[in-house]
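Quick mapping for you: the protein sequence lines, in order, are chains G and E. Per this note's numbering, residue 13 is the first one in the first sequence, and the count goes up by one each step. Per this note's numbering, residue 33 is the first one in the second sequence, and the count goes up by one each step.
None of these hints come from the bench; they were simulated from the model. Where hints are given, some of them may not hold.
[Unchecked claim] Each computed DSS-like pair below joins lysine-lysine, with the alpha-carbon atoms no more than 25 Å apart:
hint	chain 1	residue 1	chain 2	residue 2
1	E	321	E	293
2	G	157	G	65
3	E	163	E	132
4	G	157	E	163
5	G	273	E	43
6	E	297	E	321
7	E	34	G	273
8	E	331	E	321
9	E	330	E	297
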Amino acid sequence: MSISPACPAPIQQHETVQMAHGAGGRLSQALMQRVFMPHLSNAFLDQLDDQAKFDLPAGRTAFTTDTYVVSPVFFPGGNIGELAVHGTVNDLAVGGARPFYLSAGFVLEEGLPLTELETIVRSMAEAARKAGVMIVTGDTKVVGKGQCDKLFINTSGIGIVREGISVSCRNLQTGDSIILSGSVGDHGMAIMTSREGLSFQSSITSDTAALNAMIEAILDAVPSVHAMRDPTRGGVAATLNELAVSSSAGIEIREGTIPVKPDVRGACELLGIDPLHVANEGKLVLSAAAEDAAKVIEVMRSFECGRDAAVIGSVVGDHPGMVVMRTAFGSRRVIDLPLGEQLPRIC
Amino acid sequence: MKYIDEYRDPKLARQLLQEISRKTTRHWTIMEICGGQTHSILRNGIDQLLPAEIELVHGPGCPVCVTPLESIERALAIASQNNVIFTSFGDMLRVPGNSKDLFMVRSEGGDVRIVFSPLDALQIARDNPSKEVVFLAVGFETTAPANAMAVYQAAREGIGNFSVIVSQVLVPPAMRAILSSPDNRVQGFLAAGHVCAVMGYSEYEPIAEEFNVPIVPTGFEPVDLLAGILKTVEMLEEGKAGVVNRYGRVVSREGNPAARKIIGKVFEVTDRQWRGIGTILGSGLGLRKEFEGFDAEKKFGVIHIVATESPLCMSGSVLQGKLKPDACPAFGRECTPAHPLGATMVSSEGACAAYYNYHRNVTAL
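With these hints in hand, go ahead and build the complete structure from the sequences.
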């Protein structure tokens, strides 16, 4: 019989998320030091207080929150981490606000590999750095295996509305040009084609991107922009409907003017899905006076995320609250909100 | 995009429209069989562009729409059971039964999954040998080959935990039923291109002869549809009956022999109930005796479940081309895609959904 001289000490170095990582004890601290702090460290977060304390420049405060549950968490063109930064930055920016600070709350599933978590946190840090915002406070909870899908992230953001800017979804004016910053459906189709059960390959990548730098430049050039929205879930169709309803204005868009990448179009054709109903994560829909449209397009096109910008339609006096497409054949059809889940057609 | 853009060419479409106008001298009622055609017509506004004399009525070719309520109720009963993985084409999940749909079953904890092919459902059965995997096999002749292949492979591999609810229907008996109806108004048909791709069009020839109507196998893109309408109008104006193919890049007279063979191996012709219409003799497919072990309705003992329709829903008249969706009193009021009374308001191929999605108020603009 041999006796091992080593004392069976508890394992300190786990390679996956454990329930104890969320219990507030030693392992929670280890997770902070190993995964979060090396990437997110900044003067506010380093205080490790229960709250971040900061001053904001003068002006109206904009405050927003969003929760990210995308599946799969890694998708072609990005991951849930950068999505969680871009989405909240964009929600501030489309209100005419300069984003400053973000919070980040994590719900982690027991068993999530720490290398995956670290990749996601690193992406968040990189996305925040590029967008010029700081993640200043955060929280981590762990739930049992199967109680969430790898991880969910909530981010909230604070920004300051630029002086003299008043964009609002209630602000559409008859005669406005409706401008779209680029191709539609990239994010949603990247997710769909990377899910299990779809046995075709594509080179579609998500368009996830922070729009604040482009929006800043647009507002510098055209401070009188009437409305801005980022067309995420529900796609451009949902965004246009929201704008039309909020402003009690009619929107007419022209078929053929809406940029769609060939791969995205192909996948949509195959699945029987309208690209206008598919989610985007780095696009901007904007309404501005027709005489300002050329200037807006010029600025958009000087940014990578606005390279394919186009005027896709206009605000009309007819059919208030409704979006209508003028087809390539000269007929018209209603562009409605998508109903619930996107369902592939059956034959 | 190749094979799509040339069939959506506005210039070509305008030429065809002019030709249709030139040829039309009186009122004609033409039925497009397939719900996919209906949606393309409405989506592209083709009905708005045709001469006023040409009336398009929308046919029964929406598999989700004609799947009887009974099959839905049986599906819901099976999907609610523990140890079942219930698989279906996405369209079926929103179709309302008497009190719920498959989405609700899923929210109550049922394992309901959308698949893109019955062969994916079969793979789920291979991967989950301790579970019963059921596939809701609905559709016309288009879905029959793949559904048959799934059952055939399951039998060959001895996959005992796989079964199907079969609600397969056939186009030609439905066309006969429409033409035989005393109040029929249909004078010519655009036959469903994809059904003909599988089955060919020889079986339409006796129908064209017996009822003295033109039948034109037609595709789904705007130029395809206009070419089909033009041919039908030409034949009507010339008083000709017969079958003329206008979907030559996909359809041949014989169809797809391999697909027809597997259908014949697994299925046999049977009477079928059509939702909103009733039973049509010899209008469906059922599993042959040697495959009845894969019949989910028998396996789960749900044959006793019967169901009744909402009296408000007039989808039967819509499916037979007797009523335009927006002429239904419930259209857009009691019945919307969010709160559908019948499947025609749900399916991506349903005529009511097409009117609601693309047409609502446009005509009044």
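Given pair status - residue 65 of chain G, residue 157 of chain G, alpha carbons within 25 Å: It is violated: about 35 Å lies between the C-alpha atoms, which goes past 25 Å.
Distance restraint between residue 331 of chain E and residue 321 of chain E, which requires alpha-carbon spacing of 25 Å or less: holds (14 Å)
Pair hint residue 34 of chain E and residue 273 of chain G, alpha-carbon separation not exceeding 25 Å: holds (14 Å)
Pairwise hint evaluation, residue 293 of chain E against residue 321 of chain E, where the allowed Cα distance is 25 Å at most: Given that 25 Å is the threshold and the Cα spacing comes to 17 Å, the pair holds.
Pair hint outcome, residue 163 of chain E versus residue 132 of chain E [Cα-Cα no greater than 25 Å]: Holds, at about 24 Å.
Hint consistency between residue 273 of chain G and residue 43 of chain E [alpha-carbon to alpha-carbon, up to 25 Å]: holds (23 Å)
Pair hint residue 157 of chain G and residue 163 of chain E, alpha-carbon separation not exceeding 25 Å: holds (21 Å)
Satisfaction of hint between residue 297 of chain E and residue 330 of chain E, Cα-Cα up to 25 Å: holds (20 Å)
25 Å Cα cutoff - pair residue 297 of chain E, residue 321 of chain E: Satisfied, since the Cα-Cα distance of roughly 11 Å is no more than 25 Å.
The structure fails hint 2 only (numbered hints given earlier).
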